[in-house]
Amino acid sequence: MTKLYELTAHELAQKLAQNEISSIEATQACLERIEATNNLGAYLHVDSVGALALAKASDERRRANNTNGPLDGVPMALKDIFLTEGMPTTCGSKILAGFKPPYNGTVVQKLKDAGVVLLGKLNMDEFAMGSSNEYSGFTPARNPWDPERVPGGSSGGCAIAVAAGLAFATLGTDTGGSIRQPAALCGVVGLKPTYSRVSRFGVIAYASSLDQVGPLTKDVTDCAQVLQVIAGHDPHDSTSADVAVPDYTKDIEQGVSGLRLGIPKEYFAPGIDAQVRAAVEAAIKTYEQLGAKISEISLPHTDYAIAAYYLVATAEASSNLARYDGVRYGPRRDPGLGLNEMYDDTRSQFGSEVKRRIMLGTYALSAGYYDAYYGKAQKVRTLVQRDFANAFAQCDALITPTSPSPAFKLGENVSDPIKMYLADVFTVSVNMAGLPGISLPCGFTKDGLPIGIQLIAAPMAEALLLRTARAYEREHKWHLQRPAL
Amino acid sequence: MTRYEPVIGLEVHAQLRTQSKLFCSCSTAFGADVNLHTCAVCLGMPGVLPVLNRHAVDLAIRAGLGLGCTIHPRSQWSRKNYFYPDLPKGYQISQYDQPIATDGQLIVEVDGATSTVRIMRIHMEEDAAKNVHDDLIAGNRSYVDFNRGGTPLVEIVSQPDIRSAAQAAAYMKTLRQILRYLGVCDGNMEEGSLRCDANVSIRPVGETKLGTRTELKNINSFRFVQQAIEYEIERQKEVLASGGTIVQETRLWDTQAKVTRSMRSKEEAHDYRYFPDPDLPNLVLEPSYIENIRTELPELPAAKLKRYTTELGLSNYDANILTEDAEIALFFEKALAVFKKPKAIANWVINEVLRKLKTQNDDTAAAATLTDAYAQQIGELVELVEDNIISGKIAKDIFADLKAGDSPKRIVDEHGLKQVSDVGSIEPLIDEVLAKNPESVAKYKAGRTNMLGFFVGQVMKQTGGKANPKLVNELIQKKLS
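From first to last, the protein sequence lines are chains A and B.
Every letter in the first sequence is one number past the one before it in the numbering used here, and letter 312, counting from 1, is 312.
Position in the second sequence (from 1) plus 1000 gives the number in the numbering used here.
All the pointers check out, no bait thrown in.
Label-pair distances were calculated between CB atoms; the ranges are:
(1) A:Asp334 with B:Asp1134: 16 to 24 Å
(2) B:Gln1098 with A:Asp242: 21 to 29 Å
(3) A:Gly368 with B:Gln1098: 17 to 25 Å
(4) B:Pro1073 with A:Ala393: 23 to 31 Å
(5) B:Asp1134 with A:Asp242: 44 to 52 Å
(6) A:Glu412 with B:Gln1098: 43 to 51 Å
(7) A:Ala393 with B:Ser1115: 56 to 64 Å
(8) A:Gly368 with B:Val1239: 27 to 35 Å
(9) B:Pro1073 with A:Asp113: 34 to 42 Å
Derived DSSO-like pairs (lysine-lysine); straight-line CA-CA distance at most 27 Å:
(10) B:Lys1418 with B:Lys1393
(11) B:Lys1341 with B:Lys1356
(12) B:Lys1130 with A:Lys100
(13) B:Lys1258 with B:Lys1130
(14) A:Lys477 with A:Lys250
(15) B:Lys1237 with B:Lys1209
(16) A:Lys379 with B:Lys1080
(17) B:Lys1341 with B:Lys1358
(18) A:Lys409 with A:Lys355
(19) B:Lys1080 with A:Lys376
(20) B:Lys1443 with B:Lys1470
(21) B:Lys1080 with A:Lys355
Calculated directly from the structure, the hints in this document are not laboratory data.
All residues carry an ideal CB built from backbone N, CA and C; glycine is no exception.
Build out the structure end to end from the sequences listed, making use of the hints.
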């Protein structure tokens, strides 16, 4: 029998609507599960008192026939990158230890307004910099399918929480693959919407021109429902698109018959794990059987995307992270120091990966190097965008692997930053081009590790992406498998 | 001995007259309690994003148009990165290689000679906060007041066209006058609304290459601009004369000692690592939007001066005084709208109104009193005098006691202050005065014609100032002839 915490969010919503389950029961199930899986390191902060109060309020609204929509009473959790008023927000960094924000981010407020029960904050790589969650400033997180392996990053905590039933859905952020890659490694669905589709206000910035908020969920329908709540224009975010939000669930069951799906040949180069390749190729076959027209296409600048990405992302990060100076918030260890010593001391609390990226970005922007690095990277970015524009003139969506390999072992890549950076090789181009991309389970390795497939669409084509993902999900039951814990 | 020529360029920071900050809705009011006007955005809290204040953009466009600049339909926000406690985000949002306006000019007059100073660029940026160093509390601590942080500024950068300290001061004054006319900046230098950095170098006369410059930072008065530049020119001459070389550095004007002092050398200057701010889209302005603002521009001081002398027939002297300040010119024009005799209105505004304001000795109080209602009162008053309804003496009495809400016409009616101009009622009074002062009459007749004023004064006294003095004058002369 399916355990309560194994339900999808929309299944739970149904049971809440039919009064089979109360929000308090669902919340308690999650809290117990969180307690039982403490070893995974998914959560950085659990607010059981607050969550139960929200659940109680939701149950009361339901009794009064006054609910706030399909997510009312559904327990969710957030990557610790989202500003939550009065609730600790650290972005996985010691530099923000003890920080309680004075305001809610826009998406947090939207979830609250939708009646969501907020369980707490999820582990992540410090300032969202990492592909394994080993760079968390507090504790590395573990993959629920094999605790010796990484969950992926930087939204590793989010993927674990969904896969292991520690929350019914979560919100993460994706700068170069940080939603899709951990979703693939943990066997859940993860969507990075179009850049500007979801507000970034109240989301701690890593690389402003690349960051985007998105859901990690148990299935595609959940993904659509959460996106429905968080998408839309925000006057507090000048980069947010003032475009109407469509109904993301309306056409979700429509199938892919007649859709043109492109296979970018550059994404199937040597270096990709054989089992991953086989699973993705099988998925492509499924699409063909479902009536999609498959064709090979080319994204010729793919090779340059990752190098350009690490220049753009680190340059922006070096500037975005300058505010963590210990002057206004966060720990300051010795107030008796002089100004430069105080800066040094405060900023020495950044972890090694964050320091590495700040140094890289500072160098890329410095006088005399700007044109050679940052300027050149922006040009590559334009070429990558053009590649995709050409591709979408020929097809409706693209299919690629999400990650070149299944979850790797903790410590395996930590000593080799470049190898770690390549974990995002299939996802970064999508951020460089600002496109929507989704990862969904498409199989398991013989060791029982999840494999993900990535679908990419044109800007604002989330509805098409969800419909395409859902068509596959209906055929296979990968997403119903749960890790044995 | 080598003769040197100074080469000076000014970078003027002007605070835009907005109610709220450049990227958030916090107030820009001056003088509030420490850190009262702050929010998550202007404190640079994690997760915040800037949202542009369109009114600040409008004002920057006005400034650009008023200074003859080209307004660019597309400009860009950049980040200027450096660490300082008064800079909460660790970068300042500014405009760098794509500013909102470029290529303007300003006509400057020094001792009757006019010259043109080209304006290189005008860009928008947010102000930094203020460090407060307090040795008294807990010893040697520093604090930051973020009230000013995020206030909108324009930086107006001139070409190095200025050749003397006096010209630099005149440039500042003219710039302030125009910005105030445009309503772009209140020009209040004590509150830091207008401040300037001066780049000063010297070169042998005839040389075309620029010499090594020093930058004089944060000068906040016309006097200091002139003094600091004068000092710096002399200092540089002495350095060169004694065989030394000028070091490129930032210097401060010590207002007490009246010297410039080295603040930091450019060798340790920051690499600001400018790059386009990814949180803000490019500032795109429709040409029609810019043109709309152009049509709303007020008449600027130079044009006003010309119109006052040619169309209104005022003297150069009067026109200069009236156009010096936008508020005064506007006040004059409003009074003139009530009663259309330019010279008479000008005389009253200059001799009475401005004198009264000067005794208040406070620019802001003055501006507050130059209301539309006050202009209406002055217009009425001048009309009453010019139409011979009241005497100048009565008019000055009314003016001295004028309160808000008073109507001079009503005061004259209610207090019966109308001038007496009928011969029948004045003649007996004259006879009475002459009869009472036979000795004075004798003196007058003996040739002391200046006694006339005495007789007139006596008659005026009798009538409480209401008699028409011109008529009294004529009648007395007739009687004594």
